[in-house]
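My request is simple: use the sequences and hints to build the entire structure.
Protein chains: 2
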Amino acid sequence: MQNNTTDRPTFVTHLECGKTKARYAADQLLGLSDVGSPLIVRYDVEGISKALSKEELRSRPADLWRYREFLPVRQTKNIVSLGEIMTPLIDLPSMQKGQGRLIVKDEGRLPTGSFKARGLCMAVSMAKELGVSKLAMPTNGNAGAAMAAYASRAGMETYIFCPDDTPEINVREIAAQGAKVWRVNGLINDCGKIVGGGKETLHWFDCSTLKEPYRIEGKKTMGLELAEQFNWQLPDVIFYPTGGGTGLIGMWKAFLELKEMGWIEGRLPRMVAVQATGCAPIVKAYDNGEQHAELWQDAHTVAAGIRVPAAIGDFLILNAVRESNGFATAVSDEAIMDARHEASIKDGMLMCPEGAATLAAYQQELKSGRISDDEDCILFNCATGLKYPLPAVDARIDLNRTIDYSTL
Amino acid sequence: MQNNTTDRPTFVTHLECGKTKARYAADQLLGLSDVGSPLIVRYDVEGISKALSKEELRSRPADLWRYREFLPVRQTKNIVSLGEIMTPLIDLPSMQKGQGRLIVKDEGRLPTGSFKARGLCMAVSMAKELGVSKLAMPTNGNAGAAMAAYASRAGMETYIFCPDDTPEINVREIAAQGAKVWRVNGLINDCGKIVGGGKETLHWFDCSTLKEPYRIEGKKTMGLELAEQFNWQLPDVIFYPTGGGTGLIGMWKAFLELKEMGWIEGRLPRMVAVQATGCAPIVKAYDNGEQHAELWQDAHTVAAGIRVPAAIGDFLILNAVRESNGFATAVSDEAIMDARHEASIKDGMLMCPEGAATLAAYQQELKSGRISDDEDCILFNCATGLKYPLPAVDARIDLNRTIDYSTL
Chain A
407 MQNNTTDRPT FVTHLECGKT KARYAADQLL GLSDVGSPLI VRYDVEGISK ALSKEELRSR
467 PADLWRYREF LPVRQTKNIV SLGEIMTPLI DLPSMQKGQG RLIVKDEGRL PTGSFKARGL
527 CMAVSMAKEL GVSKLAMPTN GNAGAAMAAY ASRAGMETYI FCPDDTPEIN VREIAAQGAK
587 VWRVNGLIND CGKIVGGGKE TLHWFDCSTL KEPYRIEGKK TMGLELAEQF NWQLPDVIFY
647 PTGGGTGLIG MWKAFLELKE MGWIEGRLPR MVAVQATGCA PIVKAYDNGE QHAELWQDAH
707 TVAAGIRVPA AIGDFLILNA VRESNGFATA VSDEAIMDAR HEASIKDGML MCPEGAATLA
767 AYQQELKSGR ISDDEDCILF NCATGLKYPL PAVDARIDLN RTIDYSTL
Chain B
407 MQNNTTDRPT FVTHLECGKT KARYAADQLL GLSDVGSPLI VRYDVEGISK ALSKEELRSR
467 PADLWRYREF LPVRQTKNIV SLGEIMTPLI DLPSMQKGQG RLIVKDEGRL PTGSFKARGL
527 CMAVSMAKEL GVSKLAMPTN GNAGAAMAAY ASRAGMETYI FCPDDTPEIN VREIAAQGAK
587 VWRVNGLIND CGKIVGGGKE TLHWFDCSTL KEPYRIEGKK TMGLELAEQF NWQLPDVIFY
647 PTGGGTGLIG MWKAFLELKE MGWIEGRLPR MVAVQATGCA PIVKAYDNGE QHAELWQDAH
707 TVAAGIRVPA AIGDFLILNA VRESNGFATA VSDEAIMDAR HEASIKDGML MCPEGAATLA
767 AYQQELKSGR ISDDEDCILF NCATGLKYPL PAVDARIDLN RTIDYSTL
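Read top to bottom, the protein sequences are chains A and B. Take any residue in the first sequence, count from 1 to its spot, add 406: that is its number in our numbering. Take any residue in the second sequence, count from 1 to its spot, add 406: that is its number in our numbering.
Be careful, since some hints might not be right.
Just so you know, same-sequence chains aren't split out, so a pair can sit in one copy or run between any two.
Here are the computed lysine-lysine pairs in the DSSO-like style, where the Cα-Cα straight-line distance is at most 30 angstroms [as the list claims (entries may be wrong)]:
1. K752 - K483
2. K540 - K752
3. K586 - K540
4. K690 - K456
5. K773 - K752
6. K752 - K599
7. K483 - K599
8. K540 - K605
Since the hints were derived computationally from the structure, they do not count as laboratory data. All figures in this text were calculated on a predicted structure; none of them were measured in a lab.
Pasting the structure below:
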């Protein structure tokens, strides 16, 4: 049987505070840095480029673990995997304007139906490697389901807290995957406080976005995959639905590592952080030239995954957006739902609302002129559209009556 | 960008009646044979083995179209694709008994969340190649969604008829993907009659299971993938949830073609048709030594996808099961739901009820002795577990009160 969890050399040298660049030893259990900033995993990049070639990569099975040398897990036995396939690229011919290609990277194909699987398979594998047996997390839904699935598989206990308007299907999925889960009358940052508050009593490890170092490394594989799928010639613009921002930060990290290795050259893609007008802290900070984002008041949007009023990695998101010559932009719920409908009926691509937000942003920014129609654009569909409500259907046929086919 | 829809030589020689072996010309629009039997696509298998090598295959992107030489679509421009990735193999360490490996092939990762995408991407591509603009189908849910998505992408109209207890999410998904869809107060064979009845008035093409020749060819790729993923050394037993049976027939066809090419040798896997005790026509026919199955009365099971009271390809299913030295078996709804729960909380694998039926069958047949615990077994999880109901969750935390962590 094809096996991608073969032993491979690993190259982590240390961890580094995202803010002060202070150095932390690898291979120990860490959360945030001493100044409360996310920790970034650093590698012997030269070592990777000596150990691995593009040709060798091509011969490996098409999943996330093909990039093992770029990843932190030391021992193969600690890999917790549910089949993290390389996600497909799907063009949207009916939605594309001009010559620039419009392509969806469909992350809904990953385990538990969302891109959260990338981060959580890495976080749970590292938790296993570092001896953790109990995990906790606040979630708008998909991250919780991913953590529950991987942790259950690894034999760990999980405690998960969701805002009370988290879609029913997500809460049920989390429980079905073996986690203890609660609805909380607050938003995700309120749930995060519960996780923080319970550490002393329950001795769980906090797997919140960017509060542990390895979810970024999992999400980084989105950038590695994109680079390889595009034959190491990256597209012009990447639209990314931005809540906690781990994926945007992770992809940018991937591109910088690949550039340092000499595997990609020239201009990197412009990173566009997409938020909803009802919750757009990063957009506001970007527009105001700030390094950090303020807490967004009264956050609301149909796209629950990007309803994140405060992101601990805000400065890392803003850095990546600015360094890449990208931007941050917000779209309305109406534009999101219109885009979702249009892509589904015209191009057969049923996106999640967060994914549809990137399509709405593409449409909006073509009009604004911030992108042009000859640029190749990637949209991230971060979860399967099937987890989200769809309009009801009323049409019926009664077999007790003669069917008038001309009326169908 | 990686591209798997490159021009390739094609090798279809003709079509053949599944019953009489009468020959029909390729490249024309056909439904059933003159005697009302499914038509089987035949290839110049020697031509394939000259044009393609295992090494060449390995270098292609990991999706269904890598097997282009084994497939009927002549012109690349007619390929209608939504990213049909090679589906992952996921072991179930907690559910495995003995030394034989227990592995799920997770078909829920395909477009529209089910293995129906394999058959329908082929049927719709061929419909496009043969000039069809209007399609109709009876469905228990997943096939309809797949047809709707591909047909909408191809610019075709679709008419879809569902039994009235088809899960709400499936009916909504079908409509969201651009189809006209009706609920019907009957079972899938009643819906099939509506499709037959409307042909004259509405001039649609009938895409029912096995009533057109190409869905088998799409499903055949499950067998090609399995063979390649297992390095051309197939596992011992394949448990397949069997409604219309296209996949079982298709896989068996794949194995025979590969054997004819000399790409696989020795004993082929035993094919096990899994049904529910509430709808088990194939099991009854198998047990009674019949060639055909009788219509099952009062069909009912929680696994809607295998609630098929009469399968037009019954004799082809029974042939494959018998030729392979396999068998047919039925499991109870209770066993299905127990197996689903156990795999999800222990191994992180949330299966659909039909997929869980194969796990229940594995457990049952280990006890019966029809399989042994040193055999490597494949279970087909035919759709994402997320499309199916999950138990409700009640736990809440009220931020207006002090949280007593010791009670969590």
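ask   = Of the hints given before, which are not true for this structure?
value = Hints 4, 7 contradicted; others consistent.
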